[in-house]
Amino acid sequence: MEQEKKKTKTHSIGIYLWIWGLLFVFSTFSYLVDWYNLQGLLRWSLIVFFMLIKAGLIMAIFMHLYWERWAIVNVLLWPMTAIMVFVAIMVAESEYTFFTRALYFVMGG
Amino acid sequence: MSEIDISKLPKGGKGFAHDFGADQTIFKGVPWGKAMMWIFLLSDTFIFSCFLISLMTARASTTAEWPFPSEVFGLTMFGVQVPLLLIAIMTFVLITSSGTMALAVKYGYERNRKMCGWLILATAIGGLTFVGMQAFEWSKLIFHDGVRPWSNPFGAAQFGSFFFMITGFHGTHVSIGVIFLFIFARKTFRGDFDTGRRGYFTSMKSDYKAIEILGLYWHFVDLVWVFIFAFFYLW
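Protein chains in written order, with the working numbering: chain U, 285 to 393; chain A, 2 to 236.
These are computed hints drawn from the structure, not numbers from a lab. A virtual CB, placed ideally from N, CA and C, is assigned to each residue, including glycine. Do not rely on the hints blindly, as some may be mistaken.
[Unchecked claim] Pairwise CB distance ranges, derived in the manner of DEER restraints:
| no. | chain 1 | residue 1 | chain 2 | residue 2 | range |
| --- | --- | --- | --- | --- | --- |
| 1 | A | G156 | U | V390 | 17 to 25 Å |
| 2 | A | K141 | U | Y320 | 41 to 49 Å |
| 3 | A | E111 | U | Y380 | 36 to 44 Å |
| 4 | A | A65 | U | L316 | 28 to 36 Å |
| 5 | U | S329 | A | I5 | 41 to 49 Å |
| 6 | U | M391 | A | G14 | 50 to 58 Å |
| 7 | U | E377 | A | R191 | 48 to 56 Å |
| 8 | U | W302 | A | F137 | 31 to 39 Å |
[To be verified] Once the Cα atoms are required to be at most 27 Å apart in a straight line, the calculated BS3-like pairs of lysine-lysine come out as:
| no. | chain 1 | residue 1 | chain 2 | residue 2 |
| --- | --- | --- | --- | --- |
| 9 | A | K15 | A | K188 |
| 10 | A | K206 | U | K293 |
| 11 | A | K210 | A | K9 |
| 12 | A | K29 | A | K12 |
| 13 | A | K115 | A | K210 |
| 14 | A | K12 | A | K35 |
| 15 | A | K115 | A | K206 |
| 16 | A | K15 | A | K29 |
| 17 | A | K29 | A | K115 |
| 18 | U | K293 | A | K9 |
| 19 | A | K29 | A | K141 |
| 20 | A | K188 | U | K293 |
| 21 | U | K293 | A | K15 |
| 22 | A | K206 | A | K188 |
| 23 | A | K35 | A | K210 |
| 24 | A | K188 | A | K210 |
| 25 | U | K293 | A | K210 |
| 26 | A | K9 | A | K35 |
| 27 | A | K141 | A | K35 |
| 28 | A | K141 | U | K293 |
| 29 | A | K12 | U | K293 |
| 30 | A | K188 | A | K35 |
| 31 | A | K12 | A | K210 |
| 32 | A | K29 | U | K293 |
| 33 | A | K206 | A | K35 |
| 34 | A | K115 | A | K141 |
| 35 | A | K35 | U | K293 |
[To be verified] Examples of chain A residues lying across from chain U (beta carbon under 8 Å, computed):
| no. | residue |
| --- | --- |
| 36 | P68 |
| 37 | S71 |
| 38 | H220 |
With the hints as extra help, turn the sequences into a complete structure.
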């Protein structure tokens with residue numbers, strides 16, 4: 285019983301090594317995107333794709349979120365939607381700023 | 002602390018409703034230190050998001066040409082121009098230190114004091130290597146290329162201020178993490194988490210949960226680098 289209380293149940297070392305290896309592989313992939321100088325929509329979608337996979341693996345396994353109860357997972361992840369809304373707002377805003385700049389630089393104020 | 006047997010509680014969505022409706026502690030089975038670290042990391046996420054969103058706004062709204070990071074951060078090795086070489090190595094170093102940290106947490110919970118200590122030390126050295134390479138990168142850009150927060154030879158003037166602010170803020174996080182990792186390596190080797198010796202700063206007893214909480218911070222630093230690597234260096 286004493287031993288039972290002292291040791292907390294842990295996960296096997298294999299899963300950590302696997303995730304570690306996968307993070308290396310996906311980092312290499314995202315580096316290769318730059319190496320082969322891919323451009324345009326393909327470049328951006330690949331960068332975001334590899335980024336999200338890496339972020340997901342780190343949060344789920346290394347930070348143990350996969351094994352946490354939904355109460356804390358939801359409290360942590362839902363606020364991220366506010367960031368996405370903020371991104372959308374600033375995309376619209378920066379396009380407008382670019383438009384006005386382009387307009388006034390051409391017209392000379 | 003967590004006297005509740007969480008294995009008997011409902012899981013998933015039902016568990017979510019149960020925990021929030023329980024009129025008690027919401028985060029069941031989560032030590033308060035860990036919950037607070039998560040909340041801190043959430044606030045830190047918002048700070049880094051604001052930095053990266055302002056980078057996006059500046060880059061999308063400037064009429065000047067944005068410097069191409071692939072060339073700015075490229076290094077010439079043996080007469081060959083390699084794009085983003087240092088940044089790629091920094092990425093791998095940080096991921097490696099994240100891996101050793103995850104293993105340190107595991108061995109900590111298994112009460113393997115020595116293994117845990119060595120892995121924390123390895124994590125600290127990885128972090129130190131990262132900061133060292135960042136210092137090299139900064140000095141190259143400042144002294145060799147003449148990048149300033151208000152101007153640079155590559156293109157849009159805003160580039161410098163975003164580079165120094167975003168990587169500087171991240172580097173500060175890494176440096177603070179390294180300091181804490183060295184302190185925790187010493188505490189682990191001394192057996193503080195086995196004996197429950199009170200901390201010098203907090204005067205509180207601690208156990209191996211503290212290493213998981215430190216680990217959360219360190220993984221977060223790695224997590225932020227994933228986003229900086231994607232949005233600042235690769236985009």
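Now for the hints, and whether the structure bears them out:
| no. | hint | verdict |
| --- | --- | --- |
| 1 | A:G156 / U:V390: 17 to 25 Å | holds, 20 Å |
| 2 | A:K141 / U:Y320: 41 to 49 Å | violated, 25 Å |
| 3 | A:E111 / U:Y380: 36 to 44 Å | violated, 56 Å |
| 4 | A:A65 / U:L316: 28 to 36 Å | holds, 29 Å |
| 5 | U:S329 / A:I5: 41 to 49 Å | holds, 44 Å |
| 6 | U:M391 / A:G14: 50 to 58 Å | holds, 57 Å |
| 7 | U:E377 / A:R191: 48 to 56 Å | holds, 53 Å |
| 8 | U:W302 / A:F137: 31 to 39 Å | holds, 32 Å |
| 9 | A:K15 / A:K188 | violated, 40 Å |
| 10 | A:K206 / U:K293 | holds, 22 Å |
| 11 | A:K210 / A:K9 | holds, 22 Å |
| 12 | A:K29 / A:K12 | holds, 12 Å |
| 13 | A:K115 / A:K210 | holds, 16 Å |
| 14 | A:K12 / A:K35 | holds, 20 Å |
| 15 | A:K115 / A:K206 | holds, 20 Å |
| 16 | A:K15 / A:K29 | holds, 14 Å |
| 17 | A:K29 / A:K115 | violated, 30 Å |
| 18 | U:K293 / A:K9 | holds, 16 Å |
| 19 | A:K29 / A:K141 | violated, 49 Å |
| 20 | A:K188 / U:K293 | holds, 22 Å |
| 21 | U:K293 / A:K15 | holds, 24 Å |
| 22 | A:K206 / A:K188 | holds, 12 Å |
| 23 | A:K35 / A:K210 | holds, 8 Å |
| 24 | A:K188 / A:K210 | holds, 13 Å |
| 25 | U:K293 / A:K210 | holds, 12 Å |
| 26 | A:K9 / A:K35 | holds, 21 Å |
| 27 | A:K141 / A:K35 | violated, 39 Å |
| 28 | A:K141 / U:K293 | violated, 47 Å |
| 29 | A:K12 / U:K293 | holds, 18 Å |
| 30 | A:K188 / A:K35 | holds, 19 Å |
| 31 | A:K12 / A:K210 | holds, 23 Å |
| 32 | A:K29 / U:K293 | holds, 17 Å |
| 33 | A:K206 / A:K35 | holds, 15 Å |
| 34 | A:K115 / A:K141 | violated, 39 Å |
| 35 | A:K35 / U:K293 | holds, 17 Å |
| 36 | P68 | violated, 14 Å |
| 37 | S71 | holds, 5 Å |
| 38 | H220 | holds, 5 Å |
Checked against the numbered hints listed earlier, the structure breaks hints 2, 3, 9, 17, 19, 27, 28, 34, 36; every other hint is satisfied.
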